[in-house]
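S.K.: Chain by chain, the residues run as shown.
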Amino acid sequence: MNSEAAVGNLLEEAKTIIGDQQAGIRDGIVKSIYDTSENITKDVVSYTSANRVDWDRKIDNIITSPVWGFPIMFGILAVIFWVTIAGANYPSEFLAAQFFWVQDRLTELFWALNAPDWLHGFLVLGVYSALAWVVSVMLPPMAIFFPLFTLLEDAGYLPRVAFNLDRFFKKAGAHGKQALTMSMGFGCNAAGVIACRIIESPRERLIATLTNNFVPCNGRFPTIIALASLFIAGSVSVTIASAIATLGVAVIVVFGIAVTLFVSWLLSRTLLKGEPSSFTLELPPYRKPQVGQVLVRSVIDRTIFVLSRALVIAAPAGGLIWIMANNTVGDTTILAAAANWLHPFAGLMGLDGYILMAFILGFPANEIVFPILIMSYVSGGTMVQMESLADLRHLLIDQHGWTWLTGLSTVIFALCHWPCGTTLFTIQREQKNWRWTLLAAILPAGIGIIICITITALARALNLV
Amino acid sequence: MGLTYQSTGRSTTREIFNVHNAGSELVIALAGNPNTGKSTVFNALTGLRQHTGNWPGKTVLRAEGSFIHGGRRYTLIDLPGTYSLHANSVEEEVARDFLCFAKPDATVVVVDGTCLERNLNLALQVMEITDNVIVCVNLIDEARRKKMHININKLSNALGVPVVPTAARGGEGLSELMAAISDVALGRVMPKPVLVRYSDAVEKAIAQVEPKVREIIGAHINTRWVALRLIDGDTKLVQAIQRYYNDQESKQAEAALEVLA
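Residue numbers (the numbering used here), protein chains in the order written: chain A, 1 to 465; chain B, 1001 to 1261.
None of these hints come from the bench; they were simulated from the model.
For every residue, glycine included, the Cβ atom is placed at its ideal position computed from N, Cα and C.
Honestly, I wouldn't trust all of these hints.
Claimed, not checked - Stretch by stretch, here's where chain B covers chain A in the computed footprint (C-beta under 8 Å, at least three residues):
1. 9-18
2. 35-45
Stated by the list, open to error - When the alpha-carbon atoms are kept at most 30 Å apart in a straight line, the in silico DSSO-like pairs for lysine-lysine are as follows:
3. K1058(B) <-> K273(A)
4. K1236(B) <-> K15(A)
5. K1147(B) <-> K170(A)
6. K1236(B) <-> K170(A)
7. K42(A) <-> K1058(B)
8. K31(A) <-> K1236(B)
9. K31(A) <-> K42(A)
10. K1146(B) <-> K432(A)
11. K1147(B) <-> K58(A)
12. K1147(B) <-> K15(A)
13. K1146(B) <-> K15(A)
14. K1236(B) <-> K432(A)
15. K1154(B) <-> K31(A)
16. K31(A) <-> K1147(B)
17. K1146(B) <-> K42(A)
18. K1058(B) <-> K171(A)
19. K1146(B) <-> K31(A)
20. K1146(B) <-> K288(A)
21. K31(A) <-> K1204(B)
22. K288(A) <-> K1147(B)
23. K42(A) <-> K1192(B)
24. K1192(B) <-> K273(A)
25. K1147(B) <-> K42(A)
26. K42(A) <-> K1236(B)
27. K1192(B) <-> K31(A)
28. K58(A) <-> K1146(B)
Isolated chain A, as found in the complex (with noise of 0.2 Å):
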């Protein structure tokens, strides 16, 4: 059969049939087919009331209004995240009490059967507690955001969003929808890249890709929040602390956004160049949210996804810092050797060995972060939790010599480095292209790294440490 040339040819005589229109002749097929619904329609469609009241349209012209749209965003954006981290921190406590009660029956068990130290070390302390950590720490909020995230979806808010943000994107020369995207992206990267389907143009899909990591996922937020609280809020009364706290995380937020648009722009400018393409959005009406299945939905399509990836990430981790921590070259743990040895540079971007350390070792999944370097700072072997916030400032503060420089470079840089393995995994299995994926890993840690060395340099020049 030779149809294939054929069906080519054909399309050739049909150009010749229609000749010259054929320039105008998509616009008419169009217009018959609109015309005939239209018709239809009025045909079928009868109202039984004449002053119908539009609710939706009126509540649609105050969520996108220019004056009230962005504050009604951040409000909402503002008590979700705050719902998030206030709820997920006592499951996060509960969770991490069972996960640890387990690993110390573990522990008896592996003392019970004489098993090798080394043994015991490496799959309890270390892959056992990774993924006890890591399921502690994120299961919570996951649980919590998507299901809010998905409400909201549900109601018909989020194209709102979407149409609010969208100048702003499309001035960066992005899509509309990277507005959604990135929004995603606060709850978890990889969820957020995988979204990023929904932006049918190949360069504009990229470019939601390659910056949605500077937007703080959950496993970022702890790391955030507990500097936040720290740093900010450290000498003034509590009450007033957890407000300032709760700002300090709102500028920070707002900061990524604005990162978020300035390297969509610099991208759209320089790599990816193109004229940023239309698309219809359209505001559906209101509807009431279905709550049975938002969480039957978002349980298993989000959270359980994700939560897998980074287990699976997560366990050979938290084996290899075990090793690195109860291994010794010459006097010092392998694991103290290479902070040492990192620590020349990460002094110019403000931080110090450790902090780089654990944010390299962290890379698996952004939540082991902290926990690494609390567990370096102590060298008690494996990763502890520490029991309140005076602790930490008590062991930050006081035995590493932090000042409020570190804890803002470490903030900035937890915003801006390499995205996690799994978002980086998730990115080559969208893209399929090692290139990107690499360039999607460079981007966010060089523009931390530039920013961290600018504001230390500023700092120490004015004499502000």
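Keeping the supplied structure of chain A fixed, place chain B upon it in accordance with the hints.
M.R.: The following block gives chain B in isolation, referenced to the frame of chain A:
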């Protein structure tokens, strides 16, 4: 079902789309604009008998499920939500290719009852590709709340296909929808879609191109529609036709070789 060309041909093209149990079960496609409650209809019909994945070679999410009606199992494929089938986006391409080459036994077009005018565009385009269409006017409860009345019989006559009003959230109209699906899929009801009449110039061109289309690709795909797309200069469709029929021919050749060996 014997191994006629039609049955083997159809199941091989369906395999390209990763449809499970291709060949033995009836395959139903679910089309519709975004935000029409298409997924709600899908979930309501299939319950938890579903799995998700990607469309082959595309980063577009795809859901497949099944339901049982009258002792028969129906496989339901949730097509991406689209506004048209003009292949402006990957989603539209996926939806169009499935309707065109996997030839579902019936296609349900879910439309939003509260904005019928915008939604019917897609239904009209689907009807150009396949006769076996059922229009599901969803969100009928919302339409009622907005004091709209939709004359279902009149709509069904105007379109020439069965029309079922539903409120999938509350489960209203779902059993009627299932009955309509099985009627069409099993051939008990043969829809006669009322097609869009284009301008005289376009209709004349269609009349000239259509016989040639029939000559080359036979009646596997709706020839009037292919002719229309050719006149529109749709190179993507030409590529798709070449790709799918290539795949299919090589699969059939493989199958023939296996029989010989």
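S.K.: For each hint given before, does the structure comply? Return the numbers of the non-compliant ones in rising order.
M.R.: 5, 7, 10, 12, 13, 24, 26
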